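Read top to bottom, the protein sequences are chains A and B. Numbering of the first sequence is given in our numbering, commencing with residue 33 and proceeding in unit increments. Numbering of the second sequence is given in our numbering, commencing with residue 7 and proceeding in unit increments.
No lab work stands behind these hints, which were simulated from the structure alone. The structure displayed is predicted, hence computed values, not measured ones. Beta carbons: idealized from backbone N, C-alpha and C, even for Gly. The reader is advised that the hints may include incorrect statements.
Coverage of chain A stretches by chain B, computed from C-beta distances (three or more under 8 angstroms per stretch; other residues unrestricted) [unchecked claim]:
hint : segment
1    : 78-84
2    : 87-97
3    : 101-109
4    : 112-126
Pulled from the structure, derived: some chain B residues nowhere near chain A, Cβ distances all over 10 angstroms [as the list claims (entries may be wrong)]:
hint : residue
5    : I13
6    : E173
7    : G221
8    : H222
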Amino acid sequence: MCTSIVEIVGAEGAGKGDEGWFSLTHAVVSYDHPHHALLEEAITIDFMSSALGPGARVAVELTLRSAKELSGALSRAITAAEREEAARRRRVQGQSHD
Amino acid sequence: MAYEGMIAERISINGDKNEPISAYAARPLGPGPFPGIVLIHHLPGWDEWYREATRKFAHHGYAAISHNLYHRAGEGKADDVAAKVRAEGGVPDAQVIGDTEGAVAWLRAQPYHNGKVGVFGTCSGGRHTFLHACHTKNIDAALDLWGGRVVMGKDELTEKQPTAPIEFTKNLSCPLLGLFGNDDRAPSPEQVDQHEAELKKHGKAYEFHRYDDAGHGFFYYDRPMYRVEQALDGWQKVFSFLQKHLAA
Numbered sequence: 033m034c035t036s037i038v039e040i041v042g043a044e045g046a047g048k049g050d051e052g053w054f055s056l057t058h059a060v061v062s063y064d065h066p067h068h069a070l071l072e073e074a075i076t077i078d079f080m081s082s083a084l085g086p087g088a089r090v091a092v093e094l095t096l097r098s099a100k101e102l103s104g105a106l107s108r109a110i111t112a113a114e115r116e117e118a119a120r121r122r123r124v125q126g127q128s129h130d
Numbered sequence: 007m008a009y010e011g012m013i014a015e016r017i018s019i020n021g022d023k024n025e026p027i028s029a030y031a032a033r034p035l036g037p038g039p040f041p042g043i044v045l046i047h048h049l050p051g052w053d054e055w056y057r058e059a060t061r062k063f064a065h066h067g068y069a070a071i072s073h074n075l076y077h078r079a080g081e082g083k084a085d086d087v088a089a090k091v092r093a094e095g096g097v098p099d100a101q102v103i104g105d106t107e108g109a110v111a112w113l114r115a116q117p118y119h120n121g122k123v124g125v126f127g128t129c130s131g132g133r134h135t136f137l138h139a140c141h142t143k144n145i146d147a148a149l150d151l152w153g154g155r156v157v158m159g160k161d162e163l164t165e166k167q168p169t170a171p172i173e174f175t176k177n178l179s180c181p182l183l184g185l186f187g188n189d190d191r192a193p194s195p196e197q198v199d200q201h202e203a204e205l206k207k208h209g210k211a212y213e214f215h216r217y218d219d220a221g222h223g224f225f226y227y228d229r230p231m232y233r234v235e236q237a238l239d240g241w242q243k244v245f246s247f248l249q250k251h252l253a254a
C-alpha cells in the first residue's frame, strides 16, 4: 500500500537520536510501510529537526492498536498536566492577592 | 566454463536540470553490448533492496542503474533520508521525471550499451515509472510493479504531485508491464481496472498480471508481505518482458 496518510506538526522540545540529544522542529505521523517492524503497514512517528541532517530523527513504528493506546495515554497525561497547570496558576494568583 | 563477473559501484549522474545526483550502477564485466535498465526506488528510499535488485539485473545480463531520487535531502541511512523526504511532502513528480531522464541518458552514453532501455519501479517507483514513460520517447519498455496512486482523487493532488498519472495515459510511449496483488489497497484492484480501461481506450501495448493471495510489495523477501510463488512468477514475467522488448 502506498498511502498518502501523513500528518506533520511543529514540535518544540528535544529528542535523542543516534548522536545524542537535539532540538526538535517537527513531528511526522503517518500510516505506511514500516522499515523495521514486521507489519505490512504501521503508524510511524518521527521526531525530527529540519535544521539538521536526516540522521536527526527519533523513530517509532507501531501497530494500530499500540498507536491507539499511546494516543489515549498521551490524552490522559495531557489532561492531567493541564489540570496541574491550572491549579498552579490559581495558587500563584492567590499568593499575589495576599 | 564461461567467465562470470560484475562491477557494481556508486556514481554521480546529471539529474533534473543537470543537478548532480548519486546513483548505483551494476553491469556484467565484458564489452557488451548489454541492454539497459533504470530502477526507480520505492517510498522506503534508496535502500539495500534496490542495490540488490540492481545487481540482480546485472546478473541477468543488463547494464542497470538505480538513481537516488532523495539525493537532495542529504546523506544518511536510507530510512532516515526517506523520513526527511516524507516530512517535506515527498519529491516533485517533475523532478523525478527529470532525474529518470538523466539516468536513461547516462545509460545511453555508455559504450557497452545495446541502445535499448527499460525502466522498472516498485511501489511509488512503479507510479514514477508509468509517469516517466508518459513523458519521454527515450525508452523501450516500462515495468510498473504495484505502483499506488496512479489513480488519485482530487483531494490527494498537491503542488508536488499536481496531476494523477492516469491522466497522461494517452502519451504512454512504450509497452508497459504491470504486476499487482489482488489484496493490495493502493493500488486497489478497482484502481488497476481503471488504469487498464484507460490503456485499452488509448490502444496502448500492455500486459497486466494480477496475483491472488498477494498484496503490496510481494517481492520483498525481508517483509511480511513476501509471497514466494507469486514473486518467482513475477520475476519471470519481468525478465520475459525485458527479453522481448530490449533485445538489440
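Hint check:
no., hint, result
1, 78-84, "holds (count 3)"
2, 87-97, "holds (count 3)"
3, 101-109, "violated (count 0)"
4, 112-126, "violated (count 0)"
5, I13, "holds (28 angstroms)"
6, E173, "holds (17 angstroms)"
7, G221, "violated (7 angstroms)"
8, H222, "violated (5 angstroms)"
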